[in-house]
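Enquirer: Sequence:
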Amino acid sequence: MKKYQKQFIIGIIMISFHFNFFGIPLFPQWIGWTFILSGCKHYLLENDHPSIRLAKKMAGVLCGITLIESFLSYSYVSISYDNYTVIHGVVLSVLEMILFYQLMIGAQEDKEEETIRTYNNYLVGYLVLNTFIMLGYIYYMTFYTANLLSFTVLGMILMRIYAITYLNNLWKKKKKRKQFDIQI
Numbered sequence: 010m011k012k013y014q015k016q017f018i019i020g021i022i023m024i025s026f027h028f029n030f031f032g033i034p035l036f037p038q039w040i041g042w043t044f045i046l047s048g049c050k051h052y053l054l055e056n057d058h059p060s061i062r063l064a065k066k067m068a069g070v071l072c073g074i075t076l077i078e079s080f081l082s083y084s085y086v087s088i089s090y091d092n093y094t095v096i097h098g099v100v101l102s103v104l105e106m107i108l109f110y111q112l113m114i115g116a117q118e119d120k121e122e123e124t125i126r127t128y129n130n131y132l133v134g135y136l137v138l139n140t141f142i143m144l145g146y147i148y149y150m151t152f153y154t155a156n157l158l159s160f161t162v163l164g165m166i167l168m169r170i171y172a173i174t175y176l177n178n179l180w181k182k183k184k185k186r187k188q189f190d191i192q193i
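Just so we're aligned, residue 10 is where the sequence shown starts under this note's numbering, counting upward by one.
The reader is advised that the hints may include incorrect statements.
Computed beta-carbon distance windows for the label pairs [to be verified]:
1) K181 with G32: 22 to 32 Å
2) H27 with R126: 29 to 39 Å
3) N156 with N129: 27 to 37 Å
4) L144 with N29: 41 to 51 Å
5) L35 with V162: 26 to 36 Å
Cut-off 27 Å, straight-line C-alpha distance, at most; resulting in silico cross-link-like pairs (BS3-like, lysine-lysine) [claimed, not checked]:
6) K50 with K15
7) K184 with K50
8) K66 with K183
9) K66 with K12
10) K50 with K182
11) K66 with K50
12) K12 with K185
13) K66 with K181
14) K50 with K183
15) K181 with K15
16) K182 with K11
17) K12 with K184
18) K181 with K50
19) K12 with K50
Worth flagging that the hints you see were computed from the coordinates, not collected in a lab. Using N, Cα and C, we set each Cβ at its ideal position, and we do this for glycine too.
Make a model of the complete structure from these sequences and hints.
Expert: Okay, structure coming up:
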């Protein structure tokens, strides 16, 4: 497993699961986004695709937003649950969706029509499912339905697993293709 793949996996684990010690987060989200940003930088060295560059920018923005948010949570500035919180959550979700979508686009290298069709089905599935999850999040933030929050959080975690599994499959195919080219 390459360095950028490990960084993506560690980053996704850190942004998906929150571990607190007496109310103090052990691994704040911005640390997870920093791992993903570093993974994008290392991946760019191997695959200089415009989509990967955009994904790197999205990771940087997400890292910055969550870093500022983390520092604000320890200051006297309080963020209440109002329209700002709904918009903030949606913006972070959209940026995350763009990041993973661009990583998936950048990882595709096949030119065969059948393979491209399969990739596009995965991408459309990712976008549609993520949109439904985001709508569930907006509904939760509007009406504060606790049960819906559980499904929304679970859905977000599953979508991150879906994205990293998809990327891992593409990276395995790329590795096999390189090994096959070397043998020939």
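Enquirer: Does the Cβ distance between L35 and V162 fall inside 26 to 36 Å?
Expert: For V162 against L35, whose Cβ atoms are near 19 Å apart, the range 26 to 36 Å is violated.
Enquirer: Would the pair K181 and K15 pass a check requiring their Cα atoms to be no farther apart than 27 Å?
Expert: Since the Cα atoms of K181 and K15 sit roughly 14 Å apart, the hinted pair holds (cutoff 27 Å).
Enquirer: Would the hint linking K12 and K184 be met if the CA-CA limit is 27 Å?
Expert: Holds - the C-alpha atoms of K184 and K12 are around 14 Å apart, at most 27 Å.
Enquirer: Are the Cα positions of K181 and K50 separated by 27 Å at most?
Expert: With Cα atoms ~20 Å apart, K181 and K50 stay inside 27 Å; holds.
Enquirer: Does K181 lie within 27 Å of K66 when you go C-alpha to C-alpha?
Expert: 25 Å, holds
Enquirer: Are the Cα atoms of K50 and K15 separated by 27 Å or less?
Expert: 13 Å, holds
Enquirer: Quickly compare the C-alpha distance for K12 and K50 to 27 Å and report which way the hint goes.
Expert: 11 Å, holds
Enquirer: Given the hinted pair K66 and K12, is their Cα-Cα distance within 27 Å?
Expert: 19 Å, holds
Enquirer: Sort out whether K182 lies within 27 Å of K50, counting only the CA atoms.
Expert: Holds, at roughly 21 Å.
Enquirer: Is the hinted pair K12 and K185 satisfied, with a Cα-Cα distance of at most 27 Å?
Expert: Judged against 27 Å, a Cα distance of about 18 Å means the pair holds.
Enquirer: Sort out whether K11 lies within 27 Å of K182, counting only the CA atoms.
Expert: Roughly 14 Å between the alpha carbons, so the hint for K182 and K11 holds.
Enquirer: Against the 27 Å threshold, does the CA-CA distance of K66 and K183 hold or violate the hint?
Expert: Roughly 24 Å between the alpha carbons, so the hint for K66 and K183 holds.
Of the numbered hints listed earlier, those contradicted by the structure are 1, 4, 5.
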